[in-house]
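Starting from the structure of chain A, add chain B where the hints point.
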Amino acid sequence: MKGRVLVVDDDSALAEMLGIVLRGEGFEPTFVYDGDKALEVFRDSKPDLVLLDLMLPGVDGIDVCRQIRAESGVPIVMLTAKSDTVDVVLGLESGADDYIVKPFQSKVLIARVRARLRRTDDPAPETLTIGDVTIDVAGHSVTRAGEALNLTPLEFDLLVALARKPRQVFTREVLLEQVWGYRHAADTRLVNVHVQRLRAKIEKDPERPEIVVTVRGVGYKAGPG
Amino acid sequence: MRTAAGTVLASYRDWLAGPRSPVLTRARRWPRQIRNRYRRSLQLRVTTATLVLSAVVVSVLGYLLLQHLVADIYANKRQNAQQIVSVGLNAADSKATFSQPPSAASGEDMYALAKQLQSAGATTYAVEVTLLPGYRGPVDQVFSGGDAAGFYLVDGSPPKLPVRLTSAVYDERAEHSQGPQRLAEEWTSMAVAPTGPHPVPGLLVGAPFGSVYELYYFFPLAAEQQTIASIQQNLLVAGIAVVFLLAAVAWLVTRWVIVPVRLAALGARRLSAGELDERMEVRGSDELAVLSTSFNEMAASLQEKLAELEDLSQVQRQFVSDVSHELRTPLTTIRIASDVLFGAKDEMDQAAARSAELLQSQLERFESLLTDLLEISRYDANAATLDAEPVDVCTIVLQSADVAQQLAERRGTKIEFRLPGEPCIAEVDRRRVERIVRNLLQNAVEHGENKDTVVTAAMDSAAVAVTVRDFGVGLHPGEEQLVFDRFWRADPARARTSGGTGLGLAIALEDARLHGGWLEAWGEPGRGSVFRLTLPRVVGGQLQGSPLPLSPGQAGLEAAELTAPPEPAPAEAAESVTADGAQAGDQAHPRPTVTEGAAVAEGAAITEGAALAEGAAASEVVARG
Chain A
222 MKGRVLVVDD
232 DSALAEMLGI
242 VLRGEGFEPT
252 FVYDGDKALE
262 VFRDSKPDLV
272 LLDLMLPGVD
282 GIDVCRQIRA
292 ESGVPIVMLT
302 AKSDTVDVVL
312 GLESGADDYI
322 VKPFQSKVLI
332 ARVRARLRRT
342 DDPAPETLTI
352 GDVTIDVAGH
362 SVTRAGEALN
372 LTPLEFDLLV
382 ALARKPRQVF
392 TREVLLEQVW
402 GYRHAADTRL
412 VNVHVQRLRA
422 KIEKDPERPE
432 IVVTVRGVGY
442 KAGPG
Chain B
46 MRTAAGTVLA
56 SYRDWLAGPR
66 SPVLTRARRW
76 PRQIRNRYRR
86 SLQLRVTTAT
96 LVLSAVVVSV
106 LGYLLLQHLV
116 ADIYANKRQN
126 AQQIVSVGLN
136 AADSKATFSQ
146 PPSAASGEDM
156 YALAKQLQSA
166 GATTYAVEVT
176 LLPGYRGPVD
186 QVFSGGDAAG
196 FYLVDGSPPK
206 LPVRLTSAVY
216 DERAEHSQGP
226 QRLAEEWTSM
236 AVAPTGPHPV
246 PGLLVGAPFG
256 SVYELYYFFP
266 LAAEQQTIAS
276 IQQNLLVAGI
286 AVVFLLAAVA
296 WLVTRWVIVP
306 VRLAALGARR
316 LSAGELDERM
326 EVRGSDELAV
336 LSTSFNEMAA
346 SLQEKLAELE
356 DLSQVQRQFV
366 SDVSHELRTP
376 LTTIRIASDV
386 LFGAKDEMDQ
396 AAARSAELLQ
406 SQLERFESLL
416 TDLLEISRYD
426 ANAATLDAEP
436 VDVCTIVLQS
446 ADVAQQLAER
456 RGTKIEFRLP
466 GEPCIAEVDR
476 RRVERIVRNL
486 LQNAVEHGEN
496 KDTVVTAAMD
506 SAAVAVTVRD
516 FGVGLHPGEE
526 QLVFDRFWRA
536 DPARARTSGG
546 TGLGLAIALE
556 DARLHGGWLE
566 AWGEPGRGSV
576 FRLTLPRVVG
586 GQLQGSPLPL
596 SPGQAGLEAA
606 ELTAPPEPAP
616 AEAAESVTAD
626 GAQAGDQAHP
636 RPTVTEGAAV
646 AEGAAITEGA
656 ALAEGAAASE
666 VVARG
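Chains as they are written, first to last, in the working numbering: chain A, 222 to 446; chain B, 46 to 670.
These are computed hints drawn from the structure, not numbers from a lab. Treat the numbers as computed from the prediction; the structure is a model and nothing was measured. Glycine is no exception: its CB is placed at the ideal position from the N, C-alpha and C atoms. You can trust all of the hints, since none of them are fake.
Listed next, the in silico DMTMM-like pairs over lysine to aspartate or glutamate satisfying Cα-Cα at most 25 angstroms (straight line): (1) A:303 x B:417; (2) A:328 x B:479; (3) A:328 x B:417; (4) A:422 x B:434.
What follows is a set of in silico ranges between Cβ atoms, one per label pair, in the way DEER data are often shown: (5) A:371 x B:400: 50 to 58 angstroms; (6) B:588 x A:445: 35 to 43 angstroms; (7) A:233 x B:388: 21 to 29 angstroms; (8) A:284 x B:413: 28 to 36 angstroms.
Computed from the model, here is a short list of chain A residues facing chain B with C-beta under 10 angstroms: (9) 230; (10) 245; (11) 276; (12) 303; (13) 304; (14) 328; (15) 409; (16) 439.
Extracted from the complex, chain A is given alone in its bound form (with noise of 0.2 angstroms):
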């Protein structure tokens, strides 16, 4: 498994704790204490996946998500002191995979981070259709009437778990458990804000979808009818 994690952040103390525990399990570490130097390390050290403190002194944590999210897919797990429904939201809109709140345990982060980095290595190859997007699963490519399509892993991962059962209907702890990989019931925005940023690229009109559909009290479904 690749390792290079990105720790944005701008609290010494905890970004070698951070440290500490993250060589510990096997992956390694690199530092960055400052919002402006942020994308630049990126560029430099092409992470597998960054952790990225909200509250940074020069570039806010949001903005850092977005300039990385502008030109990378990784995967970005975001650290927060706020629990709040807004700031929850304008992160994971920002880009933001996933998130922790602070404080959290060692074992819960290093769970997280694993989540995000575990993806099938070779998957058999596979293509799904829900209406006129085509999913090359190998390929880890999706078009939409020949054109193709900018997703994250993420919400790749997302819409691949919705599409192979097209018609069934997942509940959003379902598809935490799938996509995220979350053993128990959490927060079921994360699920909303991305399946709002999945319809944004994939769906004709975001407002009336028609290829992620909400079942009203339940979740969602893949496909029409």
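Here is chain B on its own, set in the frame of chain A:
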């Protein structure tokens, strides 16, 4: 047999008993409406008072004025009459024949005199020349002034003169033999020839002359009466006009005063409703302008104070948020460090290992306390927001039971779920409902005295309710409110076993309120307690009632106590979802399926149904798993 009369009687009774006609009812309501209106409107009161007072004043003035006018008119008339009579007397005295006792020819003379005097007055008065009453002589008592224009009654007979007047004239003869002071007067009413067939009021003047003669004049007051009547009428009209004019003026004047007062009242009401920008128009520099200015100053100072408070609250909120962040970052470092130490405790000596354990467990406690404190402070700062979406509350109930299940397992008790078969979809904030249920369950298991806990859910068209029942120590009267207080403990000496923060129920109550829902407690010492959460099914819905009863009924309570022993009978085991059963609930299956157990459960529910009689949905017990 029913007769026609009976029918009529019956219909009459119906009429008596039946609703009155709307007109009657409305009429009966008028006095109250008027009284209410009167009490509420200063303008109406002032106008009414003006009306009444000015009416009294105008009537008194009018009466006095009228009296004065009438007296004047009468005095004039009298003076006039006396002059005419004096002239007549002079004429009578100048005839020598009258100084002699009457003879047979005296009648002629009297007639001539009467005619002469009458002709001078035309129709303005009537004259009679007569002999003193009771005189017997050659001439008949008959004598008088003239058939055509004279002093005759309409039927032709001479008028009956009032005795008082004739005797007064008799007395005058004795006292004054000469001069106009011989006159005697009487105001009376007569119908005489010059005035027509109806009796008219008038002044009757009599005087003695000659030997035994008497002269009478009647001055009708018809014209004067007409004048007075017309004056009276004019005065009345003018008086009424003045009264109403005054009332109108009062109405207008009070309106000038009342309108700004009403505006001020409206402004104050708007201000109290939160429209802090409300101001009054200041016009001129009178008292009303002072009122407006003071009102505006009050509003401005209120706005300023509120803005100040808002700022303080904002500062407070920011502070809490900052503290949260500042505390959480080092706490994370400590937490992870503790995790590392705890993971390495096998390599440490005994004291260091135990220290690492204590550090770990106390950090957990510290964290939950910090989380709860921050949550409460968020409510205190009004910063809590409802993040509602339609979810199945029953699923949330099952999912929120994990921690309480572990606690219950450690104590060897079970949590029994009695949930309806269909999904309880409601628009709620999942995180908050989970937290409420988790708190209630943990609380119930902790205080359940090692007896089972029963969780019931039910739903109606407007609300969804969850009750958590324990059979533990229960609550003393009055504690139903206290349990929701922060850091409240039923028995301060009792040790906390599950390490609750003491804020759980306070937060749960705030969570329920944020939904517009209720969180209520019931309890009796020794019989356990019930916590009921009721939430509206749509955001902003108003709760009218709860689908579940709060307190178990007397019979229901006994039944529940009998059917909830620590060791349930096999039949009940089939209907109730035990701790293990619920935990086995596979999350991959969104809805638990109804198993064969449901049939058994329904059978069992008949005996046990009394316990849950009120909740029809609740009595439908379904095994899940």
